[in-house]
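Use these hints to put chains B, C and D onto chain A, whose structure you have.
Chains as they are written, first to last, in my numbering: chain A, 342 to 690; chain B, 342 to 690; chain C, 342 to 690; chain D, 342 to 690.
Errors might be hidden in some of the hints.
Intra- or inter-copy, both count: the list cannot distinguish identical chains.
[Claimed, not checked] For lysine to any residue, the following SDA-like pairs were computed, each having C-alpha atoms within a straight-line distance of at most 20 angstroms:
1. Lys350 with Gly652
2. Lys662 with Tyr474
3. Lys662 with Asp477
4. Lys654 with Ile689
These aren't lab readings, by the way, just hints derived from the structure by calculation.
4 protein chains.
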Amino acid sequence: MNFADEKAKLSFASDYMKGAHPAIMERLVETNMMETGGYGLDPFSDSARDKIRMACEAPRARVEFLVGGTQTNATVIDALLRSHQGVVAAHTGHIATHEAGAIEAGGHKVLTVPHKNGKISPDTVRIFLEDYYNDDNCEHMVMPGMVYISHPTEYGTLYTREELQALHEICRQYRIPLYLDGARLAYALACPANDISLADLAVYCDVFYIGGTKCGALFGEAVVVPDPDLIPGFFSIIKQHGALLAKGRILGIQFDTLFTDDLYERIGAPAIEAADKIRTNLQKKDYRLCFDSPTNQLFCIMDNEKLQKLGEKVEYSFWEKYDDANTIIRLATDWSITPEKTDALIEIL
Amino acid sequence: MNFADEKAKLSFASDYMKGAHPAIMERLVETNMMETGGYGLDPFSDSARDKIRMACEAPRARVEFLVGGTQTNATVIDALLRSHQGVVAAHTGHIATHEAGAIEAGGHKVLTVPHKNGKISPDTVRIFLEDYYNDDNCEHMVMPGMVYISHPTEYGTLYTREELQALHEICRQYRIPLYLDGARLAYALACPANDISLADLAVYCDVFYIGGTKCGALFGEAVVVPDPDLIPGFFSIIKQHGALLAKGRILGIQFDTLFTDDLYERIGAPAIEAADKIRTNLQKKDYRLCFDSPTNQLFCIMDNEKLQKLGEKVEYSFWEKYDDANTIIRLATDWSITPEKTDALIEIL
Amino acid sequence: MNFADEKAKLSFASDYMKGAHPAIMERLVETNMMETGGYGLDPFSDSARDKIRMACEAPRARVEFLVGGTQTNATVIDALLRSHQGVVAAHTGHIATHEAGAIEAGGHKVLTVPHKNGKISPDTVRIFLEDYYNDDNCEHMVMPGMVYISHPTEYGTLYTREELQALHEICRQYRIPLYLDGARLAYALACPANDISLADLAVYCDVFYIGGTKCGALFGEAVVVPDPDLIPGFFSIIKQHGALLAKGRILGIQFDTLFTDDLYERIGAPAIEAADKIRTNLQKKDYRLCFDSPTNQLFCIMDNEKLQKLGEKVEYSFWEKYDDANTIIRLATDWSITPEKTDALIEIL
Amino acid sequence: MNFADEKAKLSFASDYMKGAHPAIMERLVETNMMETGGYGLDPFSDSARDKIRMACEAPRARVEFLVGGTQTNATVIDALLRSHQGVVAAHTGHIATHEAGAIEAGGHKVLTVPHKNGKISPDTVRIFLEDYYNDDNCEHMVMPGMVYISHPTEYGTLYTREELQALHEICRQYRIPLYLDGARLAYALACPANDISLADLAVYCDVFYIGGTKCGALFGEAVVVPDPDLIPGFFSIIKQHGALLAKGRILGIQFDTLFTDDLYERIGAPAIEAADKIRTNLQKKDYRLCFDSPTNQLFCIMDNEKLQKLGEKVEYSFWEKYDDANTIIRLATDWSITPEKTDALIEIL
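Chain A on its own, in the form it takes in the complex (with noise of 0.2 angstroms):
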């Protein structure tokens, strides 16, 4: 195979463009020939539940780990909701958008409220909620059953403690669960502006997952369900998503190394660090920036002309038009992110 022409341009296309951090890899190639039980019941996967309970500070969590992001939302969400109620969540939420129908294809329906910038507000989810058991005939409607937000949002933002904390107290009130995603969990926690923790998870969302696959694991999502009992028969609702892995000691592996002296909790800096500056010199430069997103996506309004050059160099996500003359594009740093690859955009910028 011939890469000589992709390695020519810089990729800031997504953070899942490389394989695992290192430390995973040898672990996997030293654990490689040992023998364990399958689905999950291996002690790799055991100290990585226990590592997870820690770092959250929820010692009677139940954790699971999945294989990816879609496969994680299907599943938590048909396990959380009776067969007649949907699931609210932002029109810019991933499920709502770039999952191909799998919440759906549950049976159930995503029930899309008005977001900025990514975040829905703690007002939007308590009017929704109220309009819905103020109209006669909300018997007729889908029954909200669940809110779904993601931190960092899907356009990089974050919600803070207080607008979490907000969140959860609407879901106890009208007793629904509240589910954050955590695809790209890793970049909040690196972050500065965040004030979130791991442990305000554990007591804010009634289920949340802890993402892999974009933060330096091979692939991979840890479910963590503070409230054990919360789900009964989710071994078997994984087993019947396709979500159980065989040899489930690869997901526990990755994800024991990710716990293992609080790699997870700094494995995003790199990738925060080079945002930033990134973000200093795209200002600095007099290049439009959509929105204030602090983690590891910048969304800037582009010259179509000026796109096009950097294209030649670059790759980047398209994200959508802007006007005719300008277009909307995302560049993403990720964990593996070097000083070197950052100044090499800034000076092609």
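Coordinates of chains B, C and D only, in the frame set by chain A:
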């Protein structure tokens, strides 16, 4: 972690107790820091697809890599059936028993038919289809929309090429696809008793999958669709099932390795040799085998007292109660087995 | 239209060949131009609910009116099960055979067990549940989440109160609901051999339905849930299943009529008397009955030559081939049968 | 029962508050004791099918009778879509709002697009489809597999023939079916502003349904599929959805009556005349209509104080809050309205 206890036992519990073939681990480490596109759109996956097409002598085939067996079955079956159709399978078929209702979760009934040692005879399928169409009330019943078989079966037995061809003919006649689950296909290919080649599968099956998880990969199953136009929208269907790996190259690299220098067709050989040797010794020592299974799974009727002793030194799978004094157990060998391990088991027996 | 041909034959094909009991038609005509609320929120439905509660001696019961049997089964089963659970039923259960996969369309497996003349014995259920929980791999299998029985069964047989109580006890022990399909319940209630009253159903079943379609209504089934808190969101679940009739009062009026002056408990009597008379005569004339079914369905083994002649004068249901020379047929009587019609059949036989 | 209170009010709440057109009731009574086959295989249903084919000038059309609107939409949409496809509909479409998630329960996303007074413009659909196919990530999104419109819309508005033709052309171009929900079709056909005939529907729609429930039947919707080969297995799909009425002739008799002497095309006339008169008077008295809706539903902005008084004498539908001082209400007329009732309302207004 202390594995002392576990290590003391010889594991014949299943064929997914270890990591991956060393050649796969090497390749994963070697390519780890390269950057490639996601979702299977990478040169490793493309190369693996080409090699599989060549091995199957199916140059136009569509090849997609999924993560696990239950997931693959659910995805392929949903892709092949219309909403009112069901899938014909043996009572013992994996989809009918140990997939936690994944097929039904997709809305489809598993239409079970009698088996013989895990195999469905062509006559059984013919009669089932005839009976359906001859029934005045057939439109009130679930329409058989495809046939599912596994090779080797869940009982380690093998179809003959003649049987496969006959099943193919019946399916053609009723215009329904034939789908073959090859979770343990490498153990068939390495077995002298097997007369079905990869190329035969591409001729006689409408869809089949080449199992990785149980055949030396960390995980992964390669779905082969000889007629690439058979399943419109297959990529979206895979995504919708949460079966699209973001870092799809991890699958590509594994299958590229397995299909380099015919590794896949050789990898099962040690397991078959070991199983043969164990089988011969069991018979010599008057153990009763349940039926003749020529691949890597042996089903043996054991006196309960003997079994307890065996259990102190050997991990096996409980299959089912035979009678009050005896139990059916399964012993499985795998690609990584050594002559020493085989001999140690024989010694114990 | 010319019905001459059809009229020439005596119809014993099924119990839904006519319209409704005249009292129902009168009431529908009488109330036709009144204006009431929709969706079952009308005084007729309320009155019918009260009368059913009284007849069942279940003053707190929730009563909902649905349109047909398959719809009712699918709606109730979806309402009672969690996404990973299945429903235990006889191989011959209506949900397992003639509902075109409606239960699977809702995502649930029908877990079939052996029957005797259409009935499941309490021991069969007990063993099935024990086996599930004793299986090490049970979490890989579909969890039995409820039990479905029908009374009378699809074979016209009846459970005894003792059997019903035993099934109830087992379900209680495993904390799963017992659901009874009463599509032909009026024919049980009118049968001297039956010792299960409506009040017994309310004690021993978690949910049951009182069949209208086959018991003298134009259509309609009344679902009774003795514990009104058992199914949160039931109204929405009914709506979601397309089972909420806009002019719900049409159902209310029919059941209000059926439960006025105990009509429902009397309506099946002519059918039972006719079936008894036919049965006695069949036995007298050395016809072979397949088994003893005391209600309005008779299953008879007929010589094929005789059958052809019978078919010229009588409409019957083909049930299944018995052997090359004989066929099993079903003869069904209904609420509207006259002694003349019965005698005419006996004459022909 | 005492209906005194209810009777004291004039009901303009909806168009399903009464029973059926007297001609239907007569016919049901007249045919009540005849014996016919079940499941729509009866001469009444056949006759109704023929009359509908003739009225639609679609001699080859498949015509099936279902019970209610939500059920019909869910059944048809499941029948037309592949598992990974969704249905394009207005935000205000009945399937997007008031069907309790019936479409999602079948596994399909409702892909909502902006509307104008309940209508989707052809351009809106064109842009939506173009955007989907132009998106690099389209395979990660739900594929638009059909278009749903209603005529009259949920807001009482009407498509023009030109608009319908344009929608048809776009659907043809993208090879997806166009489906029209005619729950209130009789009110369009009776409306001078309407220029779409039944024959036009058969030309421009791939599937449409002729509403009975809101147009003078007790219940029932007639699904018309001009190309009879479009939906293989439709009978089973209807059964699977619990939408197959056992005594199907009850539907056949109703539609046979509605399509005798063009009753269906005339039945809405009194409702349209009444609505016109009310509309004129509302405008005369300076009530604000929300928008121009020429059929049997009027949407009016009412001062809250006035509304309270109105509510003492008239039943109306609350639609939504307009602002703190005003409310949008809906007034609906129906096929049974008398000039006296209309005048009484005008008097009150």
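Going through the hints against the structure:
| no. | hint | verdict |
| --- | --- | --- |
| 1 | Lys350 with Gly652 | within (9 angstroms within a copy, 58 angstroms between copies) |
| 2 | Lys662 with Tyr474 | between (38 angstroms within a copy, 14 angstroms between copies) |
| 3 | Lys662 with Asp477 | between (40 angstroms within a copy, 12 angstroms between copies) |
| 4 | Lys654 with Ile689 | within (8 angstroms within a copy, 65 angstroms between copies) |
Hint compliance for this structure: every hint is met.
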